[in-house]
Structure formats: structure tokens, C-alpha cells
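K.L.:
Chain by chain, the residues:
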Amino acid sequence: MAEELTNLLISEHHPMDSLLRQDRLPHIWCSGCGLGTVLTCFVSALQKLELDLNKVVIVSGIGCTGRAAGYLNLDGFHTTHGRAIPFATGLKLGNPELKVVVISGDGDLMAIGGNHFIHAARRNMDLTVLCVNNFNYGMTSGQVGPTTPTDARTSTSPYGNAEHPFNVPYLAAATGATYVARWTALHVRRLERSLIEAMNKRGFSLVEVISPCPTYYGRWNKMGDALEQMKQYHDHSIIRHRTDPAEADISLGGEIIVGRFVDEDKPTFCDLQREAVQ
Amino acid sequence: MNDNGILQGDFFIDGDTACAEAAICAGCRFFGGYPITPATEIAERMARRLPQVGGTYIQMEDEIASIAAVLGASWAGQRAMTATSGPGFSLMMENLGLGIITETPCVLVNVQRAGPSTGMPTLAGQGDMMQARWGSHGPYEIIALAPSSPQELFDLTIRAFNLAERYRTPVLVMTDEAVGHMTERVVIPPSEEIKHYPRRKPQVPPSDGYLPYNPDPDGVPPMACAGEGYRIHVTGLTHNEKGYPATVSVETQRKLVERLIRKIRDNRDDIVELHEDQVQGADVVVVAYGISARTAARPVRVAREMGLKVGLLKLVTVWPFAENRIQELASQVKAFVVPEINMGQIALEVERCAGGKAQTILVPHAGGGLHDPDDVLEAIMRVSRWNREPETQNSKPET
Ligand SMILES: Cc1ncc(C[n+]2csc(CCOP(=O)(O)OP(=O)(O)O)c2C)c(N)n1
Ligand code: SF4
Ligand SMILES: [Mg+2]
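As they're listed, the protein sequences go chains A and B.
Take 506 as the starting number for the first sequence in our numbering and just add one per residue.
Take 7 as the starting number for the second sequence in our numbering and just add one per residue.
Okay, chain A solo, but in the shape it has when bound:
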């Protein structure tokens, strides 16, 4: 009897199988990396959304996060470093039926691709951007980046980072995003809900996820193992919906304000272009 019950619970197929490229697994991510959780949240958001999955397109830049486009069983484009957003812009304008989602890292979106990010937000281009912020360049083995907190150590800030970091939600909101949220990789339910809201939003939506990179950033900053780092981010976070994102700066070891900061409606690039031409 007990055996029969167990067999009932064991399935040959994982419920997310159909959305993952089985033939690409195992993935290249380190064990304990926050990216696994983030991808799971994204897949479960997709499963709850009523979208035609043949019309959902994932675009990534380059980085550990950038590999996400290659693991999802959707049309996926793994472009060049920093250029996911303009590539996604071309896809969306070339075929407005597509639901275009950009999944990329903090370095990709905020440093080399920073200019594209602010202009896509300014245009209110109909894209969802999932920015996985692990406070460093994971793929190239943990260098300082535009979101690395001041004083944090990385392989290229061995004496402590002498720069002020970008506050990603503040940048997005200030430049025109119509939906802005931030969660940590442990806020799985809330993150999933935000991803659903973001993908349902017409216009430029941004979801930032604070995610551990235990291999580099965590080790350089003595944050313990992967789980400890993930838990630390979660424990330091304070949920404050609708807070002014200007107040949501992140400092080394300080509190992390999370929540849904912006949710408003305004015409998208396509709306305005259609109106202008008519």
C-alpha cells in the first residue's frame, strides 16, 4: 500500500518539462546559484499566464543569466553582450503579436547595455525585462559591475568598490517604465506574481531579482554558502509596495527594499506611432 502511494507521487515527468529544453540539461549554472530559482519562478509564471506559448520569445544578452534563453523551450535568442533590448525591440516591432521577454544580468543590462535600457523605458517599448542582479559579472568570474554596492569586494575591486551603484528600479522608473518591481530569489511566490503582472502589462515592465552568486560575489564578501547568501538577502529585505524607488538604494550588508514600486498605464511606442501616422 505504502509503495503504491509512493509510486503515485513519483512521476516520470517534471511538471515544468514541457517548458524546458530537456536536451540541454544539466545546465551550466553553479549549484546554489539563484538563477535556478529565478528560472523556476519564470516557468511557473508562464504556466499560469494564458499566453500562446508559440508567440512568447525570450531574448538574452551574454552572461550566466543570459543562458536562460537557451534552457527555455520557447523561441529564444542569445544575442551579444548588452544588446538584448534593441534586438528585442526589432522583434516586437517586426511582429507585434509576439510577447517579448528579455532575461539578462545586471552587467549586461546596466553597464554595456545601459543606454539601450533607458531608451527602451523612455519609449515605453512593449517589453518585459527580467534583470537578475547578482551584484557582479558572474560569467567572467566575478568582476565589479554597475550594481556592485560601494565597498563590496570583487576580483576587480579587491580593496572595496569605490563606485556608487545604480539603483535599478529607480533608474527604470525615472526613465519611463510603467511597471517596476524588485524581489529576492527567495520570494518565489511574490516574484512569480510580479512576473505575471509584468508580462500582462502593456509597455515597458521591469522586474529586478536580487540573486546570489555564491561562487564569486558571495565568496569575495564572505557571505557563507549559497543558501546562507540567499537567506541573508531574504532576511535583509523589507516589503514596501508603492515606495518611491529613489528610497530603494542597496548598500553592502544593508536592508533591501522590495515590492511593486510602479504600476501605471501610458501609451506605448506602438500606440503613439499608430496615432501619429493616422
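Do not rely on the hints blindly, as some may be mistaken.
What the hints assert, rightly or not - Below, simulated DSBU-like cross-link-like pairs (lysine-lysine); rule was C-alpha separation at most 30 angstroms, straight line:
{"#": "1", "chain 1": "B", "residue 1": "K248", "chain 2": "A", "residue 2": "K560"}
{"#": "2", "chain 1": "A", "residue 1": "K560", "chain 2": "A", "residue 2": "K771"}
{"#": "3", "chain 1": "A", "residue 1": "K560", "chain 2": "A", "residue 2": "K736"}
{"#": "4", "chain 1": "A", "residue 1": "K560", "chain 2": "B", "residue 2": "K315"}
{"#": "5", "chain 1": "A", "residue 1": "K560", "chain 2": "A", "residue 2": "K706"}
{"#": "6", "chain 1": "A", "residue 1": "K771", "chain 2": "A", "residue 2": "K706"}
{"#": "7", "chain 1": "B", "residue 1": "K248", "chain 2": "B", "residue 2": "K261"}
{"#": "8", "chain 1": "A", "residue 1": "K553", "chain 2": "B", "residue 2": "K248"}
{"#": "9", "chain 1": "A", "residue 1": "K727", "chain 2": "A", "residue 2": "K553"}
Said to hold, decoys possible - Derived contacts from chain A toward chain B, CB cut-off under 8 angstroms, selection only:
{"#": "10", "residue": "C535"}
{"#": "11", "residue": "S549"}
{"#": "12", "residue": "G575"}
{"#": "13", "residue": "G581"}
{"#": "14", "residue": "H583"}
{"#": "15", "residue": "T585"}
{"#": "16", "residue": "F592"}
{"#": "17", "residue": "A593"}
{"#": "18", "residue": "T594"}
{"#": "19", "residue": "L598"}
{"#": "20", "residue": "G599"}
{"#": "21", "residue": "N600"}
{"#": "22", "residue": "H621"}
{"#": "23", "residue": "H741"}
Simulated from the structure, these hints should not be mistaken for laboratory data.
Backbone N, C-alpha and C define an ideal beta-carbon position, used for all residues, glycine too.
Following the hints, put chain B with the ligands in place on chain A, whose structure we already have.
P.N.:
Using the frame of chain A, we list chain B with the ligands on its own:
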């Protein structure tokens, strides 16, 4: 204008406008660009015209974004184009490589001005010809066309779209300020007379086993686009036929790179277009392209009037290079004279293919104008003289 918004008839327009109209005739419905002299008029024309034919114009934040958007639009199923000049061309190089490795049909127009750097924005140059060939990193083959008049810019822009689809690759139209800003008669034929090479689509329905990079016998894979149900994965990493990364497989890299190169090289007969004028039996052949082929016409004529046997070989297709024809001619002629508005780029290719069998004389121009026809004539006369008195070959006159 026809009901469908496409022009037809005789027009008196500049090269840039002709280029934009050609794109529209060729079915281009997406333009992503960034203003730059002397290519701006193409963007301006597209901004006005695309909405009239149901297309989309977007002015991106820079040229890197422009070419990225063009690649994206192509994967959304559109014929897409961008236009720029030297500084913007430099910025496009990384994503040109992405277009090549992902086999993305699109057209990139470079209205060349004098460089390096910001150089002479309003004046002609041909200094980007080697950048066109080698500007993006890694091994690859490229197609580049060089028009010498607004009409030819029109015709070659249409051809560029067709070649892009035929070989699934970015195609460069390497024009220059003189042609772009020159106003002349341009004949736009009726739409039904314009050849369209349709995008090659997969003959199989979507399935788990679908191989997006499995080529047809000519080395070109059919193209499934985003949203068509094939669930493609497209990456700039070295990839196998499934499209999946294989970044440490030297064998996959070799197969991919060889195919990317061979699909173009093996079809040189189809791609390479040359215009020959009295090349057969000539002692000296002037090899030129773009506006310089036009400036060369007069000195060639004058030299013939002087009794010299001079031919003019115009490279309408510059890349892939007309290797076979130059090799063949090298054993028939005494010398090649190559006028170009740079300090020697295509002359190096001519010299390489001549392989020491005929001389190659560069007529350089640092940029900012066209050749003085007398400089080309002088070079023709000089080599003709040497060829009559071989003993003076080692004492070249001062220039
Ligand atoms: C033009 C260019 N410059 C540099 C690189 C090297 N590079 C690859 S990924 C990366 C940084 C990735 O950092 P991030 O976007 O934060 O992604 P993560 O790996 O942390 O997820 C860099 C600098 C590159 N691929 N292309
Ligand atoms: S290097 Fe860091 S970000 Fe990249 S997979 Fe490993 S833990 Fe994750
Ligand atoms: Mg990162």
C-alpha cells in the same frame, strides 16, 4: 504612386532617396537607424515612406542598437535594413558578426565618407572597403556591392535584399557620399518586374527533432522565424545543427565556419557581378568600383584616343572578390591600374590575385573628393610606357 504606396516611373532623385525607394520596392518593412551624414537622407525617406506601406521606422539610440533591431526584425519575419556611414559602420561591427553566425538576412548600407574617425562628414571616401571585408572578428565571408550611380544604387539595393535571402546573410551596400548625394534620373520599374527572392521556409512542421541549422544542399538552411511554432534557439555562440551551443567542440566550429564561408564562396558565379568594357585584348586594365569606376571612364577613353589598349573592369560586387577573373586577366594584360578613394585596399586584392604575373598600380586618394581624371590617365600612360620599354621598369618616375 501605385495604390500600394510603391513608386513606379521616372524620377529625378538623389542616390540616398533611390536607395530608400528600392528597399520599399524590395519589400523592406523595417528600418532601424541613427542619423549620420551622408546617409541621413535614407533614414529620413524611410521615416516618411514606411508608414505609407505598413512598415515601421524607428530611430534607435545608436548604430549598435540599429543593427541589433534590424536583426531582431528579420527574425520576426521582416525584410529589414539600416543605413550609416563610417563612424556608425564601426559601431555595427560586432553585431554584423552576430548576423553572420546566426545567418540573418538583412541589408546594411554604408554611404562612405572620408575617415579615419569623424573625418570629413560631407565628402566622399572609399576607405571602409577592407573593414567591410574583415571588420567583424573571426573568420567569415561577406557579400558587398558597390554602385556608381543613383540608378545603380537603386538596382543593387534590390539585389542586396535578394542575395540576403538567397544566402541567409547580411549584405552590405558600399556606396559613398558622391553617389548618395548625386541627383540623376532613376527609373523605378513596375513592381511585377522586380525580382523577389522569397525567404526560404522549412518544409517540415514544427517537431522536437527539428534542426534549424540543417542546411539545404547548397549550404543554406531554411529559416523558421520567431512565433511560427518551431521553438528555435538562436545563439551567437558556435552552434550545432540544432542551434545549440557547442563552445568547446573544435569539430562543430570547423563545420560551421566552413559552411558559412562556402555557402558564399562556392556561389561566386552567382554573386559576383562585373561590368567589362574592352577588357579582352587590353594591355592595361583599370579595375575600379563605385564612384571611382565612373571617374575612371574618362581617362580610359582619353587613353584609347591616344591609341592605348585600355580596358575598364568595374567591380559591381566587391566581396566576394572577383578572384578568378583577375587571375585569368593577369596572364593576358601587362598591368592593372586601381583608382580608389583610400590609400590602397582593393588594390591589395588585385595585386594578390595578379600573383606577380601583371603589375598592379594603385592610384590613391586620401578622401574628401574624387580622383582627378589626369591622375588616372597618368598612371595608365606610365604603365603603358613601361610596358613598351621594359628596361625602365625599375626606374619608376617620381609621382
Ligand atoms: C562585448 C563584450 N565584452 C565583454 C564580454 C565578456 N562578458 C561576458 S558576460 C560578461 C558580464 C556578465 O555579467 P552579468 O550581465 O551581470 O551576467 P551574470 O553572468 O552575472 O549573470 C562579460 C563582461 C563579452 N562577451 N562581450
Ligand atoms: S558564477 Fe555566479 S552567477 Fe554564474 S552560475 Fe555560478 S553562481 Fe551563478
Ligand atoms: Mg551579474
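K.L.:
Look at each hint and say if it fits the structure.
P.N.:
Going down the list of hints, with the structure as the test:
1. B:K248 with A:K560: Roughly 20 angstroms between the alpha carbons, so the hint for K248 of chain B and K560 of chain A holds.
2. A:K560 with A:K771: holds, 24 angstroms
3. A:K560 with A:K736: Status violated; Cα separation ~36 angstroms.
4. A:K560 with B:K315: Outside the cut-off at roughly 63 angstroms; violated.
5. A:K560 with A:K706: holds, 16 angstroms
6. A:K771 with A:K706: holds, 10 angstroms
7. B:K248 with B:K261: Satisfied, since the Cα-Cα distance of roughly 13 angstroms is no more than 30 angstroms.
8. A:K553 with B:K248: holds, 29 angstroms
9. A:K727 with A:K553: violated, 38 angstroms
10. C535: Violated. Min distance 17 angstroms.
11. S549: violated, 19 angstroms
12. G575: holds, 6 angstroms
13. G581: It holds, given that the least Cβ distance between G581 of chain A and chain B is near 5 angstroms, below 8 angstroms.
14. H583: Where the cut-off is 8 angstroms and the nearest Cβ of chain B is about 4 angstroms from H583 of chain A, the hint holds.
15. T585: OK, holds: T585 of chain A within 8 angstroms of chain B, min 5 angstroms.
16. F592: Cβ of F592 of chain A sits 4 angstroms from chain B, so the hint holds.
17. A593: With a minimum Cβ separation of about 6 angstroms from chain B (threshold 8 angstroms), the hint on A593 of chain A holds.
18. T594: holds, 5 angstroms
19. L598: L598 of chain A check passes; min Cβ-Cβ to chain B is 5 angstroms, inside 8 angstroms.
20. G599: holds, 3 angstroms
21. N600: holds, 4 angstroms
22. H621: holds, 6 angstroms
23. H741: violated, 35 angstroms
Against the hints set out earlier in the document, violations occur for numbers 3, 4, 9, 10, 11, 23.
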